[in-house]
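Chemist: One-letter residues, chain by chain:
2 protein chains.
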Amino acid sequence: MENKYEGLKLRNQLCFPLYSVSNLIIRRYKPLLDKLNLTYTQYITMMVLWERESISEKELSSALFLKSNTLTPLLRKLVNKGYIHIDKNIYDERSIVISLTERGRQLKDEAVCVPASMASAINLSAEEAVYLYNILYKILEVKSRKKY
Amino acid sequence: MENKYEGLKLRNQLCFPLYSVSNLIIRRYKPLLDKLNLTYTQYITMMVLWERESISEKELSSALFLKSNTLTPLLRKLVNKGYIHIDKNIYDERSIVISLTERGRQLKDEAVCVPASMASAINLSAEEAVYLYNILYKILEVKSRKKY
DNA sequence: AGGAAATATATCGTGTGCGATATAATTTAG
DNA sequence: CTAAATTATATCGCACACGATATATTTCCT
Numbered sequence: 129m130e131n132k133y134e135g136l137k138l139r140n141q142l143c144f145p146l147y148s149v150s151n152l153i154i155r156r157y158k159p160l161l162d163k164l165n166l167t168y169t170q171y172i173t174m175m176v177l178w179e180r181e182s183i184s185e186k187e188l189s190s191a192l193f194l195k196s197n198t199l200t201p202l203l204r205k206l207v208n209k210g211y212i213h214i215d216k217n218i219y220d221e222r223s224i225v226i227s228l229t230e231r232g233r234q235l236k237d238e239a240v241c242v243p244a245s246m247a248s249a250i251n252l253s254a255e256e257a258v259y260l261y262n263i264l265y266k267i268l269e270v271k272s273r274k275k276y
Numbered sequence: 129m130e131n132k133y134e135g136l137k138l139r140n141q142l143c144f145p146l147y148s149v150s151n152l153i154i155r156r157y158k159p160l161l162d163k164l165n166l167t168y169t170q171y172i173t174m175m176v177l178w179e180r181e182s183i184s185e186k187e188l189s190s191a192l193f194l195k196s197n198t199l200t201p202l203l204r205k206l207v208n209k210g211y212i213h214i215d216k217n218i219y220d221e222r223s224i225v226i227s228l229t230e231r232g233r234q235l236k237d238e239a240v241c242v243p244a245s246m247a248s249a250i251n252l253s254a255e256e257a258v259y260l261y262n263i264l265y266k267i268l269e270v271k272s273r274k275k276y
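Same order as they appear, the protein sequences are chains A and B. Following my numbering, the numbering of the first sequence begins with 129 at its first residue and continues without gaps. Following my numbering, the numbering of the second sequence begins with 129 at its first residue and continues without gaps.
Among these hints, one or two may not hold up.
Identical copies carry no separate label here, and so any pair may be met within one copy or between two of them.
[Stated by the list, open to error] With a straight-line cut-off of 20 Å between C-alpha atoms, the simulated PhoX-like cross-links for lysine-lysine are:
hint, residue 1, residue 2
1, Lys-132, Lys-205
2, Lys-132, Lys-266
3, Lys-186, Lys-236
4, Lys-163, Lys-236
5, Lys-205, Lys-195
Since the hints were derived computationally from the structure, they do not count as laboratory data. Treat the numbers as computed from the prediction; the structure is a model and nothing was measured.
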């Protein structure tokens, strides 16, 4: 017979290790990203731009699962650092066009070594990493289906 | 031959879905925890106390992988809400003793339904949940071995 | 015993994340 | 064809997380 409080024990939670691992990995990134003058969230934003060159805030929002209340101040910081431009979209003045500066483009080469450094800090087998990856995206997909 | 930028693509990152899933689940908790007047971090703190009744900040810190700069203000909020007491440890005046108030103890019964509600929001099979759980703790253990 | 090192907690400043709401531009419906 | 609904972004207030540092107490070493 289970104690009715069994579900409330910290060691029976799935969210807690998810949250802790996420915090842990971002802490591990910090010394690497400091060299690029980027925070973790700024780094994933730059990753999107290194693939796309130019994007609206709405598209960035759905790529990163973050909303304007997080992105707007973050983008302003990236402008201040000289990594991106922000312009109005000529065809829809509600919308903005985010694009890389030359400096932002250069930064990609300085960032090339970051993923490998991080992989060695996590220390999972390739098989475990793939399984983890798939399960995490499975959770994220439920999210998008439910229109969150 | 792989593009040297392959590792920099967002879809090749493991950290990004970890971070996004962690944010997502905490967002899902919010409406449930609002009813208890708790944030997610306050909730996991209360979980520790529901199991232990009394703990030092140092022990809490190592249970939650959070440091005093996060915990000190958070504990103050829980005091203001009437859920915990904070007293000096008589035997070591550097240290504090965190304990539940009667109201804090009652809250445990109001929280009993939260874990089941959350489990249904995540939507993994039991097998996937166990695998995910083990892999996450594997990552956290490396962390503690490395004395982070 | 007494000064130095270690330990426990607190404080500071920065940058997220979030729900709620505001504003401005565009689209839609009657 | 215009008023209402929708959309894209911005702003506000709150609560984390974090590294760095400060303070107070205890322990350790000689």
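Chemist: Does each hint fit the structure? Answer for all of them.
Modeler: Status of each hint after checking the structure:
For the homomeric pair Lys-132 and Lys-205, neither the shortest alpha-carbon distance inside one copy (48 Å) nor that between copies (28 Å) is at most 20 Å. Within a single copy, Lys-132 and Lys-266 get their C-alpha atoms no closer than 30 Å, and across copies no closer than 28 Å, so neither meets the 20 Å cut-off. Proximity of Lys-186 and Lys-236 under a CA criterion of 20 Å is satisfied in neither setting, with 23 Å inside one chain copy and 40 Å between copies. In this assembly of identical chains, Lys-163 and Lys-236 lie within 20 Å of each other by CA distance solely inside one copy; the values are 13 Å within and 45 Å between copies.
In this assembly of identical chains, Lys-205 and Lys-195 lie within 20 Å of each other by CA distance solely inside one copy; the values are 16 Å within and 27 Å between copies.
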